[in-house]
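Turn these sequences into a full structure, and let the hints steer you where they fit.
Taken in sequence, the protein lines are chains A and B. Take the first sequence: its position 93, counted from the start at 1, is 93 in the UniProt record's numbering, and no numbers get skipped. Take the second sequence: its position 144, counted from the start at 1, is 144 in the UniProt record's numbering, and no numbers get skipped.
Hints may contain errors.
Partner residues aside, some chain A positions facing chain B, computed with beta carbon under 10 Å [what the hints assert, rightly or not]:
1. Ala-7
2. Asp-53
3. Pro-55
4. Pro-98
5. Asp-182
6. Ile-184
7. Glu-186
8. Val-229
9. Thr-232
10. Gly-283
Some chain A residues judged to face chain B by a derived CB distance under 7 Å, without partners named [said to hold, decoys possible]:
11. Val-226
12. Leu-237
13. Pro-241
Now the in silico label distances, taken between C-beta atoms and shown as ranges [unchecked claim]:
14. Pro-63/B x His-201/A: 55 to 61 Å
15. Asp-122/B x Val-23/A: 41 to 47 Å
16. Gly-107/B x Ser-189/A: 44 to 50 Å
Treat the hints as calculated values from the structure; they're not laboratory data. All C-beta atoms in this analysis are idealised placements derived from N, C-alpha and C, irrespective of residue type, glycine included.
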Amino acid sequence: MATLRPARLRPGWLAAGIGAVLVALVAGVALGPVTLPPGSVAAELLNLIPGVDLPSGLNEREIAIITELRLPRVVLGLLVGAMLSLSGGCYQGVFRNPLADPYLLGVAAGAGLGATMAIAFRAGAVLPLAAFAGAATAVVATYLLGVAGGRDRTSATLILAGVAVSSFLAAIQTYLLQRNVDTIREVYSWLLGRLATNGWHEVTLLLPYALVTTVVVLALRRELDVLSVGDTEAASLGLHPQRSRMILLAAASLGAAAAVAVSGLIGFVGIIVPHLVRMLAGGSYRSILPLSLLFGAAFLALADLAARTLIAPGELPIGVVTAFFGAPFFVLVLRTTRRVSV
Amino acid sequence: MLAVEGVRVTLGDAEVLHGVDLTVASGEWVTVIGPNGAGKSTLLRAVGGAVPCQGRIIIDGTPTSALPRRRRAQLVATVAQQPVVPPGMRVLDYVLLGRTPYIAPLGRESAQDLSIVEQVLDSLELRRFTGRELETLSGGERQRVFLARALAQGAPLLLLDEPTSALDIGHQQEVLELVDRLRQERALTVLATMHDLSVAGEYADRLVLLAEGRVAADGPPEQVLTEELLALHYRARVRVIAGEFGPIVVPVRLS
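Right, dumping it as structure tokens:
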């Protein structure tokens, strides 16, 4: 008899995920207006580790391009992609709905309104903060509204509350835009997402939230598997389904809000990546979540590479790149998913 | 093993159970019968802790209100009427979920958990299905897998809510014989609900007839499955025939 192998993160897949991140990292840093040899880039990246000193053959200006310009942007892409995919995978598990994405509970509408306000009131410097505050407020409002709906804190009432909050915030945002037509272009560009960096500033903004989200969501990934049998049965297995769900949603929303605050609204990453992972490496959240984190990071860093090189010296909004690949995929999932349970 | 004392359950605005008393001795099989809406499933869910209730439910001498959830899950295992079938989940991983009450919140299953699951899978002849997705199994196979998850919980009290309602007559008998065998092998106590009265009587040591949220009759199958009681509470005309393992209830046309 074959030995029993429970669903776990397989080392092969873990290695593939880490490999994808490294490839995206080196390619993202090497390619651009000035193309640098990948070997030299890899050497310079290793040199960032204290105690390592490899000859790379690059001059000071090229090293500055790596450490001051490209690396922060690639790292930001990795972090944003990791957060959106991890949150997406987590939302899909919590809601037992393969089409849930991290924007479901109002993160997008809240961040959009916050960003619009910052731009309209000429306070661009606090835009990330405003977007983050808007996203966080929206999720909290959704949660309170969903809970107020009754004793049955079902996923459906939460999702409906999310729809209501999103519509409400979008209405305010539209009104603000109508009153400040001159800002439409700037707001629009933010809505499509961009990974513009100013040194390491954005990375340091996002990093603490990304760490909290990653630790909490990955620690609870087995509970997501238990939640997949529904609240009643999960409770009979000794879980607090509502409590687990609330912690997971809070952590995932925090990561998504922080990512959106520095990158704008980048669509579909949170849906595409967890689904690809699910198809390739199996349906257990114990492998879906860590692999979504890694492949999501690599995917967004590569999408950003495409966004800034395809029409160089111009730049495509990264949301355009992810949606161009994401929308057809979304339709495919809709058509092949056997069950959409809310 | 189990004592239910004056249990009342309110769902929405309506009180569904109006003070139910019930005991199940260790190793006994008690089946709750009753017409639709009598509160059978609600009673089971109250015992399993899935719905809040007033009154007392005592398991192994401890009121369940004093039991932490994980401890309760180590004592009571439930097979729901229509268990959720998680898309894409393999049989092995599904049965392993039964070990959840023993796995630390941030931990993973131990070698012991795996060997317990392995033993349950062998005993239910499910070994060859371990790598299959639960969705791809037939109704009878699935019911065995649901049962396997509950057994993996290692709980002495097993709650079965309509365990055979989705099965054909042959698979019904197969599953109930299996439960009976496991009850003896593992010294389990069984509290079930069932619709088929003859089958209920053949397998249970005792029947509890629930009607409109109250216990209408409680005793050995011969005392509960009588033409008078069934006419009164089910508004059904039946003939009761003595059978080898208990009364056989046959519906008879009214006019």
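- Would you settle whether the hint for Thr-232/A is holds or violated, based on the nearest Cβ-Cβ distance to chain B being less than 10 Å? Where the cut-off is 10 Å and the nearest Cβ of chain B is about 5 Å from Thr-232/A, the hint holds.
- Message: Using the nearest Cβ pair, does Val-226/A come within less than 7 Å of chain B?
- Response: Interface hint status for Val-226/A: holds (5 Å vs cutoff 7 Å).
- Supplied contact hint for Pro-55/A, tested at 10 Å Cβ to chain B: At about 44 Å, which exceeds the 10 Å cut-off, the nearest Cβ of chain B leaves the hint on Pro-55/A violated.
- Task: Would you settle whether the hint for Ala-7/A is holds or violated, based on the nearest Cβ-Cβ distance to chain B being less than 10 Å?
- Result: holds, 5 Å
- Item | Restraint check, 10 Å cut-off on beta carbons, for Asp-53/A near chain B | violated, 39 Å
- Message: Within 44 to 50 Å: is that where the Cβ-Cβ distance between Gly-107/B and Ser-189/A falls?
- Response: Cβ of Gly-107/B to Cβ of Ser-189/A: about 47 Å, so the range 44 to 50 Å holds.
- Item | Hinted contact Gly-283/A with chain B - closest CB pair below 10 Å | The hint holds - Gly-283/A has a Cβ within 10 Å of chain B, the shortest such distance being about 3 Å.
- Item | Residue hint Leu-237/A, partner chain B, criterion CB-CB below 7 Å | holds, 4 Å
- Message: Is the interface hint satisfied for Asp-182/A? The criterion is a beta-carbon contact with chain B at less than 10 Å.
- Response: violated, 49 Å
- When the nearest CB of chain B is found for Pro-241/A, is that gap smaller than 7 Å? violated, 10 Å
- Message: Quick check on Ile-184/A please, does its C-beta sit within 10 Å of some C-beta on chain B?
- Response: violated, 42 Å
- Item | Satisfaction of the Pro-98/A interface hint, Cβ to chain B closer than 10 Å | holds, 8 Å
Hints 2, 3, 5, 6, 7 and 13 from the list above are not met by this structure, while the remaining hints are.
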